[in-house]
Amino acid sequence: MNIAWKEIKKNKAKFIILGSIIFLVSFLTFIISGLANGLSQDNAALIKDLPDGQFYMNVDANETYNLSRIDESVQTTVLNEQKDAAALSIQMGFVNDMEDKQHSIAFVTSTDSKSFESVGKGEVILDRSLEEEGIKVGDILTNNQFSGEFKVKGFVDQKKYSHAPVAFINMENYKEIYRVNEMQLIFVPGTEKAQVVTSLQSFSNKEFLNTIPSYSAEQMSLNMIIWFLVAISGMLFAIFFYMMNVQKIGLYGILKALGVKTSRLFGMMWYQMIFITVIALGLSVALSHGFALIAPKGMPFSLTLDTTVQLSIVFLIIGFIGATLSGLQIKKVEPLQAIQQGEV
Amino acid sequence: MTIFTIDEVTKTFTNGEVDEQVLKGINISLREGEITALVGASGSGKSTILTIAAGLQRATDGKVLFEGKNMTDMNQDQIRKIRASEFGFVFQSSHLVPFLTVEEQLLLMLDVSETKLKKREQQVEVEKILKLVDMDHRKDAYPASLSGGEKQRVAIARAIIHKPKMLFADEPTASLDSKRSKDVMTLIRELTKTLNITTLMVTHDEDMLTYADHIITMKDGLVLT
Numbered sequence: 001m002n003i004a005w006k007e008i009k010k011n012k013a014k015f016i017i018l019g020s021i022i023f024l025v026s027f028l029t030f031i032i033s034g035l036a037n038g039l040s041q042d043n044a045a046l047i048k049d050l051p052d053g054q055f056y057m058n059v060d061a062n063e064t065y066n067l068s069r070i071d072e073s074v075q076t077t078v079l080n081e082q083k084d085a086a087a088l089s090i091q092m093g094f095v096n097d098m099e100d101k102q103h104s105i106a107f108v109t110s111t112d113s114k115s116f117e118s119v120g121k122g123e124v125i126l127d128r129s130l131e132e133e134g135i136k137v138g139d140i141l142t143n144n145q146f147s148g149e150f151k152v153k154g155f156v157d158q159k160k161y162s163h164a165p166v167a168f169i170n171m172e173n174y175k176e177i178y179r180v181n182e183m184q185l186i187f188v189p190g191t192e193k194a195q196v197v198t199s200l201q202s203f204s205n206k207e208f209l210n211t212i213p214s215y216s217a218e219q220m221s222l223n224m225i226i227w228f229l230v231a232i233s234g235m236l237f238a239i240f241f242y243m244m245n246v247q248k249i250g251l252y253g254i255l256k257a258l259g260v261k262t263s264r265l266f267g268m269m270w271y272q273m274i275f276i277t278v279i280a281l282g283l284s285v286a287l288s289h290g291f292a293l294i295a296p297k298g299m300p301f302s303l304t305l306d307t308t309v310q311l312s313i314v315f316l317i318i319g320f321i322g323a324t325l326s327g328l329q330i331k332k333v334e335p336l337q338a339i340q341q342g343e344v
Numbered sequence: 345m346t347i348f349t350i351d352e353v354t355k356t357f358t359n360g361e362v363d364e365q366v367l368k369g370i371n372i373s374l375r376e377g378e379i380t381a382l383v384g385a386s387g388s389g390k391s392t393i394l395t396i397a398a399g400l401q402r403a404t405d406g407k408v409l410f411e412g413k414n415m416t417d418m419n420q421d422q423i424r425k426i427r428a429s430e431f432g433f434v435f436q437s438s439h440l441v442p443f444l445t446v447e448e449q450l451l452l453m454l455d456v457s458e459t460k461l462k463k464r465e466q467q468v469e470v471e472k473i474l475k476l477v478d479m480d481h482r483k484d485a486y487p488a489s490l491s492g493g494e495k496q497r498v499a500i501a502r503a504i505i506h507k508p509k510m511l512f513a514d515e516p517t518a519s520l521d522s523k524r525s526k527d528v529m530t531l532i533r534e535l536t537k538t539l540n541i542t543t544l545m546v547t548h549d550e551d552m553l554t555y556a557d558h559i560i561t562m563k564d565g566l567v568l569t
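So the protein lines, in turn, are chains E and A.
Each residue of the first sequence is one higher than the one before, counting from 1 in the numbering used here.
Each residue of the second sequence is one higher than the one before, counting from 345 in the numbering used here.
Simulated from the structure, these hints should not be mistaken for lab results.
As the structure is a prediction and not an experimental result, all values here were calculated from the model.
One or more of the hints may lead you astray.
Said to hold, decoys possible - Derived pair list, reagent style DSS-like, types lysine-lysine, alpha-carbon separation capped at 25 Å:
1. K509(A) / K6(E)
2. K121(E) / K193(E)
3. K261(E) / K475(A)
4. K368(A) / K6(E)
Claimed, not checked - Which bits of chain E does chain A cover? Going by a derived footprint, with three or more residues having C-beta under 8 Å, they are:
5. 1-13
6. 244-258
Where a beta carbon is used, it is the ideal one built from N, C-alpha and C, also for glycine.
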């Protein structure tokens, strides 16, 4: 007989309340996680969506790509040796649209490469978020540092950097705007170990992301919030299961007196814990993904099924540990004590 | 034939630095199918000897023999198995499981006793016992909706559904009025005689002694008669 299920059926309100708490806490965690991922994408989708590889910047740049200037001869040597490699630069800037409205963007330029958009002189390819701001293919954009004009050639999805949409421009135009001749970075795609290049320092994609000051600070804070939420949820689960078990001490004692095995009582507790947690988490996952569909377009929100499943597994493990720790009282329950305490 | 023997059992409780001996060498033999009543003033040790006999607590010294096997030498799980399959309990309070219906209380006991009966046979057995205790009309009721007497009748049904060899009853009529008490005792007597169950019962109520085959009087941790 499944006594765990019988109890749930009879005490629906109690289990719904417990399930609601698990649902609310996990839903909050998923939403915060979605915002953290969204902000992360908003901050560095340009880098995050690149294939695995190595970034190189000048050793003297002190791990700050803005300060990096790669010598042209070094760049030529590396690009000749690695056929998929690209030299690139990223700089924050502005463009004015045809109505003279200013848009904050991140200018990106690179040598010919599959990893970055190639554009001709006087052309620009923009992140699609600018299309939503009213810019269309064929529009003319200007920049006060640039003598010519940019004609919008097209849009690309999910190309953001430092919370700004990316604008891919030709290298000659970039050099004119920023009055530089050297590129800041070299990107070499591939999973092989980084090659040692004299005067250059190598970074994996992840390491490179962490050299972006705003990115690491932002992600650290958000991740801290998520893991605090997970830890607090764990404690909440443990407290609630503890309260539930304390209320049932008398019942456990009577069942033990009748000859029910302690392992069966643990099984009963685990069944209830898993039942409530799985339903609450299932609802949470569904609603948080539903929220992703209705979230305002401008809101940086990105929640993958992988993230919610991973967090759900963490919640299940925490719930299991919390329930088991609080359930240790079951082992200590003396049937005689329960009998002497009267009706359960 | 003797089925249950309590042999020189002592029990000492330690309260801080003070040792209090509540049982001072108890000897009792119970014959198959008979009802033995333990009587005595409060603190005489009658409930303690009953719970030791029922395997709910351990004796400090002495032997408790059930069908010749010494329960004091057994581990917790062996005692649990005996409690589940060979013993039945009726307490002062009914101690029914609040979220199970009357029928489910009995099915749970059959389940715990690891009965070999098939589902259908279990159902038949439950119906039979509920008829015996005149509770078949309340089989779908939860304990909260039963009266004190009804609860105690369900508790008795639960105690005997798995056909135990021993029934331990600790003041089974204490929470009932005199009419209900007589009904319950008549029921216990009828059932134990019909099913050949050996019963050890603690009671304060002298009126209940008429239902017993033997009466053992206890005083200050010793058997007087």
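Cross-check of the supplied hints:
1. K509(A) / K6(E): It is violated: about 29 Å lies between the C-alpha atoms, which goes past 25 Å.
2. K121(E) / K193(E): violated (35 Å)
3. K261(E) / K475(A): Roughly 29 Å separates the two Cα atoms, so the pair is violated.
4. K368(A) / K6(E): Violated. K368(A) to K6(E) sits at ~45 Å, over the 25 Å cutoff.
5. 1-13: holds (count 7)
6. 244-258: With 6 residues in contact (Cβ-Cβ under 8 Å with chain A), the coverage given for the stretch 244-258 of chain E holds.
The structure shown violates the earlier hints numbered 1, 2, 3, 4.
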